[in-house]
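Which chain is which? The protein sequence lines are A and B, in order. Number 19 in this note's numbering belongs to position 19 of the first sequence; there are no gaps in the numbering. Number 381 in this note's numbering belongs to position 2 of the second sequence; there are no gaps in the numbering.
Among the hints, erroneous ones may be present.
Counterexamples of contact, computed for chain B against chain A with all Cβ distances above 10 Å [as the list claims (entries may be wrong)]:
id, residue
1, Tyr-405
2, Tyr-465
3, Phe-526
4, Ile-547
5, Gln-562
6, Thr-566
7, Met-602
8, Leu-641
9, Phe-648
10, Gly-671
Coverage of chain A stretches by chain B, computed from C-beta distances (three or more under 8 Å per stretch; other residues unrestricted) [said to hold, decoys possible]:
id, stretch
11, 128-134
12, 179-189
13, 223-231
14, 341-350
The hints are simulated quantities; they were obtained by calculation from the structure and are not laboratory data. For each residue, glycine too, the CB sits at the ideal point set by N, CA and C.
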Amino acid sequence: MKKFSISSILSQLLLLFFVIIWIIPTFGLFISSLRDKDLLAISGWWTSLTTTEINEIYRMSGMESQIEEDGYFKIKGKLFEVNSGKKIGSFGITSKKINEFNIGDVAIFKDESEVLLDEDGNYEWRSRTQFTKKKGKRLFTTSLSPPAFTFENYREVLFKEGIGRAFINTMAVALPSTLIPLIICSFFAYSLTWMKFYGRDTLLAIIIASLVVPLQMSLIPILTIYNDFGQLFGVAAKSYPGVWMAHTGFGLASTTFLLRNFLKSLPNEMMEAAKVDGASHYDIFLRIIIPLSIPAFASIFILQFLWCWNDLLVGLVFLDQVPSEIILTAKLKELLGSRGENWEILTTGAFVSMTVPLFIFFALQRYFIRGLVAGSVKG
Amino acid sequence: MTILNLVFIVFLGVLFFIAYFHISNYILDVYGNKTLKRFNFENSIRVIVFIAPAFIVLFIFILYPVFETIRLSFYDKFGREFVGLYNYKWAINDPEFRRSILNNLVWLLVVPTLSTFFGLVIANLADRIWWGSIAKSIIFMPMAISFVGAGVIWKFIYEYRGPDNTQIGLLNAIIVSLGYEPQAWLTIPMWNNFFLMAIMIWIQTGLALVIFSAALRSVPKEMLEAARIDGASELKIFFSIIIPYLEQTILVIWTLITIIVLRIFDIIFAMTNGEWQTGVLANLMYDWMFRGGGDSGRGSVLAIVIMIGVIPILAWNLYKHRQEQKI
């Protein structure tokens, strides 16, 4: 008995280890997307709950803003706007000694002008002689920034970076690309299962063969067809209907296969009885098959929808990379190239692109898993 | 295109297919019965109505392209002049192609094996622990995320800053805290492939996990109980009972992930774009579809090489299908 419990603890620990490894990357992304972008750029997300030390360089105002007061020429100002509670701890006047002075100390420059700084960034720079330089001197500050979380990144990404529009575009690609194959494949699967006609077995074999044909085999010929079609009719070669049909084509075999496997499991007697009562195939399809197939439809819908939502290649090849057509994954890839250092945009953008899949995942996990398991029976 | 237009054409697109089936069947129901039933035509026309859209799509998007791609691989870059085996000879002598094939092979060796292995181990662990289903959910979650999204997630892990800066990438932060120099992980030839593969394993383990979890339920509980009473260790049970019992499932999952890995494109495209010797066939193909105005001959050769990889699986599936039909 004791041996069993030790092995049980060991397996719990091992599983915990796997879980932690698996969750950390996504968790880090999520936390980062909520962090203040200045903090995000200089500290790891795992420090987000602690106070971060930030070193910054500011320049004070120049001669125009000087005033005369108490026998001094003074320049007063603020290093930064009042913000998330950043507090300056120490500062310096040369890049070699950035921590030379504490708040409350009077720092004296070589030209004998003096500067006073408070922790909120208000400074008073004074001199016995008049200031003559247009540019003010630099101050090096070391401030402590408390943990700061914000939705600002989301606002920026959704409305300024075009992720919001890409989100809508992706929806406009994924929804029809899921519904159209579902509609036409359900009729196809029905006839492959319940109708007798010449060549049915061959057709089924073709479907099974098509299951594994990589979509790369289709890219070049389809692109050529689209280009020719566009030229012939004077329309754009790359368009939403084009992407829908491409996704329909690439998802057709698996959708048909899964549906047929499901339909085959329905009892034959039911169809026979309906037929005896004079129902046509279309009646049977509408009144019997569709109500019975709702769970199967749900699984297949989720699989195909996620596939289309997460796809990059098809959207890249069959859509123009312009704001009104670009899909989320392509947009993210574009941002990876152009804004590779702006982690607040990347992490937030990635998270926005994940919202729909994650919602489906958590809300409809049961159907998702059922579809995957059913689909894997043959592969 | 405005958003309103977009919503409109989405509706129109879906409606078109519903209308096609509804109207054609309605006509057949109303008029077909009287005139056609006598000659038993009604059924044949109905079959055509049911099959036509799917078959046309299948033909245009899968069947025709397969043959067209094979044809194009023997033609020049515009698909106009027959050049024989020129494109194939080019491929064999192209260092980029050889590098891609090598990378693809390593991917095929590593990713399906490790994903299947982790999936099996985790499924087995989670099966016996009360919080196992939560653990499964978490490990399965990456399956829902796009490859590009996963790329961003992991790029953040692999992020590199110079030795003087604070590391914001987790991996480098760990390395630095252990006293080593930070590394630009994705630019180290050969090793960077494994860092990219880690992403794919992270995703595909979830797939293996859920399928194994379903399959584990078919292992007879009595057999496991009996083994435990006889004093077999969990490790022994795992290797002597569970693995042999799930042999079929292991094979299925392994092939499934192999097919996915064979056409892997997004991760590499998003992370390194094939630089630092990380290119694979699908990336090279995408490249040649557009490089220098596009070369359909070379692109087709690359597609065919990917296709050759799945032919054994295709043949095996067809063989199994035949067997089932006979029963």
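A quick look at each hint next to the structure:
no.	hint	result
1	Tyr-405	8 Å, violated
2	Tyr-465	17 Å, holds
3	Phe-526	7 Å, violated
4	Ile-547	5 Å, violated
5	Gln-562	16 Å, holds
6	Thr-566	13 Å, holds
7	Met-602	17 Å, holds
8	Leu-641	7 Å, violated
9	Phe-648	7 Å, violated
10	Gly-671	15 Å, holds
11	128-134	violated (count 0)
12	179-189	holds (count 7)
13	223-231	holds (count 3)
14	341-350	holds (count 5)
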